[in-house]
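What follows is each chain in one-letter form.
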Amino acid sequence: MRAQIAILALLLLIPGAVAGDRPGALRGFSALELLEIENTRNEQGQKLPDELIPDLRQQLLHGLVALHTFHRVEDHVDDAVPSAGAERVVQLKVKITGYSGAQNQAGVKSEVFLIDKASGQEVFRSPVNAQLRYDQGAATSATRKLARSIANLVRDSR
Amino acid sequence: MKGRAILLIPILVVLSATLCADQKPKLAFHNFTALEVENFDIPKYETKDPMPESWLPLIREDVVQRAIELHLFSRVADFKDPGVPAPASERVLVLRGKVTEFTHGSQAARVIVGFGAGKGKIVVLCEFVDKATGEVIWQRQADGRVIGVGQSTEGAVKGLSKEIAKHIRDNW
Numbered sequence: 002m003r004a005q006i007a008i009l010a011l012l013l014l015i016p017g018a019v020a021g022d023r024p025g026a027l028r029g030f031s032a033l034e035l036l037e038i039e040n041t042r043n044e045q046g047q048k049l050p051d052e053l054i055p056d057l058r059q060q061l062l063h064g065l066v067a068l069h070t071f072h073r074v075e076d077h078v079d080d081a082v083p084s085a086g087a088e089r090v091v092q093l094k095v096k097i098t099g100y101s102g103a104q105n106q107a108g109v110k111s112e113v114f115l116i117d118k119a120s121g122q123e124v125f126r127s128p129v130n131a132q133l134r135y136d137q138g139a140a141t142s143a144t145r146k147l148a149r150s151i152a153n154l155v156r157d158s159r
Numbered sequence: 002m003k004g005r006a007i008l009l010i011p012i013l014v015v016l017s018a019t020l021c022a023d024q025k026p027k028l029a030f031h032n033f034t035a036l037e038v039e040n041f042d043i044p045k046y047e048t049k050d051p052m053p054e055s056w057l058p059l060i061r062e063d064v065v066q067r068a069i070e071l072h073l074f075s076r077v078a079d080f081k082d083p084g085v086p087a088p089a090s091e092r093v094l095v096l097r098g099k100v101t102e103f104t105h106g107s108q109a110a111r112v113i114v115g116f117g118a119g120k121g122k123i124v125v126l127c128e129f130v131d132k133a134t135g136e137v138i139w140q141r142q143a144d145g146r147v148i149g150v151g152q153s154t155e156g157a158v159k160g161l162s163k164e165i166a167k168h169i170r171d172n173w
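First to last, the protein sequences are chains A and B.
Just so we're aligned, residue 2 is where the first sequence starts under the numbering used here, counting upward by one.
Just so we're aligned, residue 2 is where the second sequence starts under the numbering used here, counting upward by one.
Next up, chain A with everything else stripped away, as it sits in the complex (with noise of 0.2 Å):
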């Protein structure tokens, strides 16, 4: 019995262990502040070219500000979604960690941060990947790819 209930508890731990505490994470926040994307060269020497990084930014605002979920994001205050009182901001925080290079089946690995602006704390962390497959275009198509994601990951975690 004791080994049953054990069993149960672990089931019932597991799936929030797994997904980080992501889902609700970050009910409560009304706004959302992105901080400048971080490209440096990995171990390996990859890096997204500099170049592409404001176009990333730009995708990813449009991406976040489309999800319809913060009342303000960055300096865009969204009329659709109500204020609800005193604003409580998220900040989030883009570190690139991989570019596989133009090629057709480019791929950017990047690392997701959520941080409360008036704690300062890690609300969570997580990697986000885009990797393009044989159908897809190119490295452009995958900032683009890179940004949804991130997008939507922020999307599944309110």
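There may be inaccurate statements among the hints.
[Said to hold, decoys possible] With a Cα cut of at most 25 Å, we get these calculated DSS-like pairs of lysine-lysine:
#, chain 1, residue 1, chain 2, residue 2
1, A, LYS94, A, LYS110
2, B, LYS25, B, LYS132
3, A, LYS110, B, LYS163
4, A, LYS110, B, LYS132
5, B, LYS167, B, LYS99
6, A, LYS96, B, LYS81
7, B, LYS25, B, LYS120
8, B, LYS49, B, LYS99
9, B, LYS45, B, LYS120
[Said to hold, decoys possible] Distance ranges between label pairs, derived from CB positions:
#, chain 1, residue 1, chain 2, residue 2, range
10, A, SER127, B, LYS99, 51 to 61 Å
11, B, VAL112, A, GLN132, 19 to 29 Å
12, A, ARG159, B, ALA133, 52 to 62 Å
13, B, ALA110, A, GLY25, 44 to 54 Å
14, B, ALA109, A, GLU52, 39 to 49 Å
15, A, ASP56, B, PRO83, 28 to 38 Å
16, B, LYS99, A, PRO128, 32 to 42 Å
17, A, GLY25, B, LYS132, 29 to 39 Å
18, B, LYS99, A, GLY25, 48 to 58 Å
Because the hints were derived from the structure by calculation, they are not lab data.
Glycine is no exception: its CB is placed at the ideal position from the N, C-alpha and C atoms.
Following the hints, put chain B in place on chain A, whose structure we already have.
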């Protein structure tokens, strides 16, 4: 008749040796400790199709990445290779290039027709320059192509950077 043919052989040997000597850089690349890669030039209206300017950083970064993977230079762009000992003084080789040929091709043709139809191609005339003196050490053409089914033209960048890296290794 046989004697003439015998005479021709050494002439041909000397000629080919001269041509090969021309293809070698004025200074072997191992004399340099760092490599810097500049964005290539795209002369307007000189190529069959206009190459998107947004590809230039992709090409530059791909070449840098391939050069890093060679582990020959102690520094490539802003990456200091921990596997290569740092020199007492740095001598920099600069890679410049000019896109001389660009064909965007057609992915649809590559998929539907195949057999090389709709192929994409980038050809670059590369210049390796001694940064200190400004002297062109070596000039060589390199190209990248996309022929296969379901491949984007941007994939040609990979072939191009691989060929440039091969030239660097061969002239080390």
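Taking the hints in turn, this is what the structure says about them:
1. A:LYS94 <-> A:LYS110: Distance ~14 Å between A:LYS94 and A:LYS110 Cα, so the pair holds.
2. B:LYS25 <-> B:LYS132: With Cα atoms ~19 Å apart, B:LYS25 and B:LYS132 stay inside 25 Å; holds.
3. A:LYS110 <-> B:LYS163: holds, 22 Å
4. A:LYS110 <-> B:LYS132: violated, 34 Å
5. B:LYS167 <-> B:LYS99: OK: B:LYS167 and B:LYS99 at ~18 Å, within 25 Å.
6. A:LYS96 <-> B:LYS81: OK: A:LYS96 and B:LYS81 at ~20 Å, within 25 Å.
7. B:LYS25 <-> B:LYS120: violated, 31 Å
8. B:LYS49 <-> B:LYS99: OK: B:LYS49 and B:LYS99 at ~14 Å, within 25 Å.
9. B:LYS45 <-> B:LYS120: holds, 21 Å
10. A:SER127 <-> B:LYS99: 51 to 61 Å: violated, 43 Å
11. B:VAL112 <-> A:GLN132: 19 to 29 Å: holds, 21 Å
12. A:ARG159 <-> B:ALA133: 52 to 62 Å: At roughly 57 Å between Cβ atoms, B:ALA133 and A:ARG159 fall inside 52 to 62 Å, so the hint holds.
13. B:ALA110 <-> A:GLY25: 44 to 54 Å: Holds, since B:ALA110 and A:GLY25 (Cβ atoms, about 50 Å apart) stay within the stated range.
14. B:ALA109 <-> A:GLU52: 39 to 49 Å: Violated, since B:ALA109 and A:GLU52 (Cβ atoms, about 29 Å apart) do not stay within the stated range.
15. A:ASP56 <-> B:PRO83: 28 to 38 Å: Given a distance of about 31 Å, which is inside 28 to 38 Å, the answer is holds.
16. B:LYS99 <-> A:PRO128: 32 to 42 Å: holds, 40 Å
17. A:GLY25 <-> B:LYS132: 29 to 39 Å: violated, 56 Å
18. B:LYS99 <-> A:GLY25: 48 to 58 Å: holds, 55 Å
Checked against the numbered hints above, the structure breaks hints 4, 7, 10, 14, 17 and satisfies the rest.
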